[in-house]
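Going line by line, the protein sequences match chains A and B.
Numbering (the numbering used here) for the first sequence: 575 to 1075.
Numbering (the numbering used here) for the second sequence: 17 to 373.
Be careful, since some hints might not be right.
[Stated by the list, open to error] Here are the simulated DSS-like cross-link-like pairs (lysine-lysine), alpha carbons at most 25 Å apart as the crow flies:
#: 1; chain 1: B; residue 1: Lys373; chain 2: A; residue 2: Lys820
#: 2; chain 1: A; residue 1: Lys829; chain 2: B; residue 2: Lys365
#: 3; chain 1: B; residue 1: Lys365; chain 2: A; residue 2: Lys1009
#: 4; chain 1: A; residue 1: Lys732; chain 2: B; residue 2: Lys373
#: 5; chain 1: A; residue 1: Lys732; chain 2: A; residue 2: Lys806
#: 6; chain 1: B; residue 1: Lys373; chain 2: A; residue 2: Lys806
#: 7; chain 1: A; residue 1: Lys820; chain 2: B; residue 2: Lys365
[Claimed, not checked] Quick list of the computed label-pair ranges, beta carbon to beta carbon:
#: 8; chain 1: B; residue 1: Val25; chain 2: A; residue 2: Ala1014; range: 20 to 30 Å
#: 9; chain 1: B; residue 1: Gly133; chain 2: A; residue 2: Val940; range: 16 to 26 Å
#: 10; chain 1: B; residue 1: Gly133; chain 2: A; residue 2: Arg1017; range: 33 to 43 Å
#: 11; chain 1: B; residue 1: Gly133; chain 2: A; residue 2: Gly645; range: 44 to 54 Å
#: 12; chain 1: A; residue 1: Ala1018; chain 2: B; residue 2: Ala331; range: 53 to 63 Å
#: 13; chain 1: A; residue 1: Ala1014; chain 2: B; residue 2: Gly332; range: 55 to 65 Å
#: 14; chain 1: B; residue 1: Ser71; chain 2: A; residue 2: Ala1014; range: 44 to 54 Å
#: 15; chain 1: B; residue 1: Val25; chain 2: A; residue 2: Gly674; range: 18 to 28 Å
#: 16; chain 1: B; residue 1: Arg38; chain 2: A; residue 2: Gly897; range: 31 to 41 Å
#: 17; chain 1: A; residue 1: Ala1014; chain 2: B; residue 2: Phe132; range: 28 to 38 Å
#: 18; chain 1: A; residue 1: Ala943; chain 2: B; residue 2: Phe132; range: 15 to 25 Å
#: 19; chain 1: A; residue 1: Ile647; chain 2: B; residue 2: Arg38; range: 46 to 56 Å
[Unchecked claim] Covered stretches of chain B, going by a simulated chain A footprint (3 or more residues, C-beta under 8 Å):
#: 20; region: 34-44
#: 21; region: 127-140
#: 22; region: 354-366
Think of the hints as simulated: they come from the structure by calculation, not from any bench.
The beta carbon of each residue, even a glycine, is placed where N, CA and C say it ideally should be.
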Amino acid sequence: MGLFERIFKEPRWGVHPDDHKRPAADVPLRLLPPPARVYMPLHQHVGGAARPVVLAGQKVLKGQLLAEPQGNISAPIHAPVSGTVAAIGEVTAPHPSGLGFAAITLDSDFEDRWIDTARVADPFSLDPAEIVRLTAAAGVVGLGGATFPAAVKFVLGKRLAVKSLIVNGGECEPYLSSDDRIMRDHAGQVVDGARIVMHAIGAIEALVGIEDNKPEAIAAMRIAAAPFPEVKIMPVPARYPMGSDKQLIQTLTGKEVPADARAAEVGVLVHNVSTCAAVHTAVRLGRPLVERIVTINGGAVAKPGNIFAPLGTLVEELLAFCGLKETPSRLILGGPMMGTPLLHGRIPLVKGASGILAFDAGEALVPAAGPCIRCGGCTRACPMGLLPLEMAARIRTGDLDGAAGFHLTDCIACGCCAYVCPAHIPLVQYFSHAKGELSARQRARLRSDAAKRLAEARIVRLEREAKEKAEVAARRKAERKAAKAAAAAAAAAAQPEGETV
Amino acid sequence: MNHSMDTPVAAPHTTTTNSAGRVMASVMAALAPATLFGFWLYGWPAVYLWLITVSFAMLGEAFCLRLTGRQAIPVLFDGSALLTGWLLAVSLPPWAPWWIGAFGGLFATVLGKQVFGGLGQNLFNPAMVARVALLISFPLQMTAWVAPLPLFSAAAPGLIDGLRITLTGAPPGFDAVASASLLGFAKTEMSRGLDLLQSLAQAPVPGWYGSHPGSMGETAALLIAAGGAAMMMLRLISWHIPFAMLAGIAVPAAILHAVDPARYLDAGTHLLSGGAMLGAFFIATDYVTSPNTPRGQLIFGAGCGLLTWVIRTWAGYPEGVAFAVLLMNSLTPIIDSYVKPRIYGRDRKGVALEPVK
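Just chain B, same shape as in the assembly (with noise of 0.2 Å):
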């Protein structure tokens, strides 16, 4: 929009060339890696099932705008939605059938963000909100993972079987692989009285480059930390929510494992399990739905950290990160009109200083 000089516009007459559509383009560069590490592992159903997901969050937004009367296409450039469905993708078991990818994607944008108001207004992390929303009504698909198969590898699926996979879900010649995530194998061989001592000796052995089965972003937990390293030397991340995080797991499951391992899981295994890295660093780092001064961010963190630990630990639920995400955005507003940044001038309260010669 350039003004004519004859329209008054207010300083200041220069801006940063950074735009929110720049901001979703990092971090879709910082996820990328992972993402394609994930392609690699889990082979073509993970790619279609990224596809589909990606696609009917943008299918959702687009539809939630038109029927607002607003053009769709410069608001599904600025990314968000593109985005939106990637996390989620990432956080699905891979092989899942295309239905749940498509329903989620369709739930992210239109239920967790477009109903809210659109870019900028929900209160709850929308990737998050789909994956539980699917998590609760499809446990059983949503709790099938298969173990990494990488692409090009003699018993991957090619093309035309991973559409298969996708489409009717997998065939009998590769259930072999079916397999549950390392929290789900503890939780259930807790339940029928095996403890973990026992238990960890048969399970797969975590990884930071993907050798334990899980979601995508899962499995590339290594590069998922690097991608999150990336984004706040880029500054489009600070170290506070990420590093609570990480801490309000590792901390708690460190002393409660120092007290009894045949109970709980070490700090290690916590931190390269489930969503623990993926959340750290692209979910509870959401802008919207998370606090935005460094105090309330470490407040939020911790609390993410400590509930994931919680729910793991001691919910129904072997994964924790998406309930702790969601359950934390829901105080995201309170602990903004709590935690504030001490004003120049004043102390904590907002009461003005008292004058020092």
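This is chain A alone, in the form it adopts within the complex (with noise of 0.2 Å):
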């Protein structure tokens, strides 16, 4: 880079941390022998939760149904190994909170015997909706770490009549390489599952965002996609966050994705390499997502690299098959830039974990948070074009208004924000704190206009009943007056009639 592109040719976006993917994304493959005991979370997706359909003590096989979606937008689940249900109940969530959330618990009876499943020999021949049908009912969700339902995108795809369909091979953040590894060594099943899903949606072709820190999965790539004209692998330059939706169809085509819409409504959906291996397997061989490559990571991981382990394994497995060095000063389900703390390793494997960090000390050192310097790092960082340091000023100060007027709600929480400011103030946990405020507000008023509305409904009603009473009241004592009055008149007509008798 010469003096003057240095001065005067600055990026516009992002940051670029050291990706310390190497030697883990370098390690072949391992497959996790199946554990003897696995977790399956019900709500592994974005929606409903699934319903369970078997019983505690049913045998199951691989690849069995476990669990059957709900609603419009959700994800059936199905067994990661074969064996019997243990239990249908909770386990710690994958949160911070450490919750529990339901689940079932399933005893490997060591045999991994799939179910028996329908073989598709040319998924072009298919209607496009039952590539849909295949996809929802194998459980895929969006592997990158959205977890977003991939039928109901795809649907969404073939009603805007998308014509691109973006392939996420980005992987910006450090320390993953689980996409990386899959592009290596499965290419031939990306590239397929991409044209499956660009049959489903009706894309003309399929742009392959692959950053250049990469270079042996986009040499895969390249050759796996070369019978393929329509599938075009684009490598875009390792610059974190490339791998978030908007700035990788904004490098790939240019487009913007305005604001409140979505990737569709400018002609593009964009689909997690990983996602697209995922199409391929539950299209071409029936089989439902129960598997996924998962990267273990961090200065405290004796042998990292990338696995193939069933889902529902316990991170503690993970781990313990890499080996710890050190007991892990903190532990991180995703990348580090926006991945979330773990309180301990007895935590399921799910779908949408693409690594499981465990680190050191060292890596693990939060410096103290000073005070903003307004050095503006965190404006050049910012990949939406917010103002970080003006919203966290007034997010300090409880003025969340003020900071939702910097259109708070645009930021994606990618961290660059937080990872180059100097002073180390906990940007990300200030956007995260008022968003979550400023929801709470938000159905708080909901509520409150709810009840209003109640309220006011009530007087109405209220008062309607009591003119209707008094209304009926005064009917009423018309009625008895008339009837006393023709009671009286009776009366008086009789009198005579007696006097006379």
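Put the two chains together into one complex, using the hints given.
See below:
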């Protein structure tokens, strides 16, 4: 980079953290032997939790349906091992709260017997609706971490007549290499899956964006895609958060997804490379999503690398398989930029888990936060063009509406701002807090509006009832009066008669 | 601070090795060559004045921190008070008496920074607040410049003489070298009815490498600019403020000099005189008191430059950088609230874009 570029050609967004991907990315994929027990949470996806369709004590085969989807946006859960349903109950959620949530516990019979599956020789002869059905039935969700049910996105893409499928091989999070590994080892599956998705949504091209720090993956994908000119392998600069939908779409197509709009509205649909491979497996082999590649990495791991493991395996078993050099100082589900801290390792591997990081003491060190020096590093790093320092200053004083005025809700929580901050201010935490608080306020406002409406309706009703009662009372009174008058008249009429008798 | 596994911490779980202290240290490193050159040019009095100014700036900071019940040492180590004192010192007449530096240093950190709430909270550049306070309170001492007398040259004051100059003012033996800065000289001559064409014939020629009297930061213009370029390369500062400020001085100067060379100094003289270079690269670029969007920085820089030129040309003071920067500092919040970057998926006004298929 020349002096001129260095001074005048600053990249518009993002950061360039040390990626820590190697050597883990270069270690060949390892298979985890079936664990003795797996825990399948019923809610591993965006949308409604799945409803169990098995009973405790029931024998199941690998790939058998354990729980069916509920609602329009949901996904089924299948057995990752063959064996017996041990229990249906609570396990610890992969969430910092450490709260429990419902899961099906399976005891493995160590035979790993698959359920009979229907293979499809030529998915391209199928009706797109059939591909949607097969993908939905296989429980395929976005494996990049978003875990949105893939089939629901297909329907959306078809409806909005999406032209380009964007295959996300960015994998910009440091430490992670599960997508890298799937592209190196199973490029054919990824390309085939991408073509099946294209068929399902009616797209005319697939643009595969791969960060240029993965030359082996790019080479393997180029070979796999060579027979298919509609699948274009497009290396993109390695820059975090390149793997974010909006930034990848902009880099590959030049299009910008409008605020509050979906990518499909600008004619593109984004699917992760691992999701494409899962679609291939679901449609061609009829096999549901019960296994995935997960990166085990971090300074505390003795032999970091990528593991092909059944879902539901406990994090501590995965770590034990790779060996630990020391007790991890921090456990993270996902990447270091956006991942979720885990309180302990007794948490099952879920569909959206692309990596488990076990940090050593040095990596887990959090420098103390200092005052903002307004260096503006966060504004240059923000891929959304927001002003993190201004929003944080307002949130600090409790002015959440002021922060919302800076379009806080457009924040994608990528963590670039907090990463570059020389004062180490936990900006993402500020924003998450404010977003949560604002949406809580919004809910409270809706609730109070509803309560107000009900109260007003009650007053109206009471008034109406009182009025009706009064009217009825008045009518009755009038009737009584009339009856009395009639009776009096009758009596009066009878009197003379009587007198006459 | 190391969190135990039981304490949830927010993402990101990795962070830059950069820190506020490192930023300050880098800026000081960029300022060091010009300062050392200034020490060589102006000798021991300049060294003593620098030491006194910096010490009192840090003393003021420590005093305020203790007053608010905070630990002074960790905050002092972020280097911001040191840098403030340093910037003030290089903008002072190098042979100014000790109490100028002491008063200025205290003023900078106590009234310029800590009363606002400390680092990151001040509206105005603390070094310039102190410089203007000194200029208004002690105009005589603040405009008594000396011609460079390089260290170890025959006429230069030694260690002891230097100390005497700093502590008691210039001894009689040295007053031959007292002189006005070029801008001051031009202004005085203009007021006596001599136009620039006549007066400049006898004036010292401004240079890049220090041949004319001025502050340390003024005389070493080339080294200041080099330090600024180094900061841009390290991405400590962007090009926007320095470029806009220098252009804001040079463009009107060049135009009016072309119109009437007898009344208006040329652009080169303007850029190399007074605090133009120091201001453009080290003062106006202060993070805390300048806008933080590129377009806002261009407006801010251009404003600093233009005001500097206007003050130098038409106002009562020969030098305008400090006033210009302070005036623009006061506009920073307004610039920041009007000039915002375009948000992804929205237009400049913040309205969502129309979907384009």
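Hint by hint, here is what the structure shows:
1. B:Lys373 <-> A:Lys820: This hinted pair holds, its Cα atoms lying about 15 Å apart.
2. A:Lys829 <-> B:Lys365: Holds, because 19 Å separates the two Cα atoms, which is no more than 25 Å.
3. B:Lys365 <-> A:Lys1009: holds (22 Å)
4. A:Lys732 <-> B:Lys373: holds (14 Å)
5. A:Lys732 <-> A:Lys806: holds (21 Å)
6. B:Lys373 <-> A:Lys806: holds (20 Å)
7. A:Lys820 <-> B:Lys365: holds (20 Å)
8. B:Val25 <-> A:Ala1014: 20 to 30 Å: holds (22 Å)
9. B:Gly133 <-> A:Val940: 16 to 26 Å: Holds - the Cβ-Cβ distance for Gly133 (chain B) and Val940 (chain A), about 24 Å, lies within 16 to 26 Å.
10. B:Gly133 <-> A:Arg1017: 33 to 43 Å: holds (35 Å)
11. B:Gly133 <-> A:Gly645: 44 to 54 Å: holds (51 Å)
12. A:Ala1018 <-> B:Ala331: 53 to 63 Å: Roughly 57 Å apart at Cβ, these two residues keep to the hinted range, so it holds.
13. A:Ala1014 <-> B:Gly332: 55 to 65 Å: At 58 Å between Cβs, range holds.
14. B:Ser71 <-> A:Ala1014: 44 to 54 Å: Holds - the Cβ-Cβ distance for Ser71 (chain B) and Ala1014 (chain A), about 51 Å, lies within 44 to 54 Å.
15. B:Val25 <-> A:Gly674: 18 to 28 Å: holds (22 Å)
16. B:Arg38 <-> A:Gly897: 31 to 41 Å: Check passed, 36 Å falls within 31 to 41 Å.
17. A:Ala1014 <-> B:Phe132: 28 to 38 Å: The hint (28 to 38 Å, Cβ to Cβ) holds, given that Ala1014 (chain A) and Phe132 (chain B) are roughly 34 Å apart.
18. A:Ala943 <-> B:Phe132: 15 to 25 Å: For Phe132 (chain B) against Ala943 (chain A), whose Cβ atoms are near 20 Å apart, the range 15 to 25 Å holds.
19. A:Ile647 <-> B:Arg38: 46 to 56 Å: holds (47 Å)
20. 34-44: Coverage by chain A holds here, the residue count being 5 at a Cβ distance below 8 Å.
21. 127-140: holds (count 4)
22. 354-366: holds (count 8)
In terms of the numbered hints stated before, the structure departs from none.
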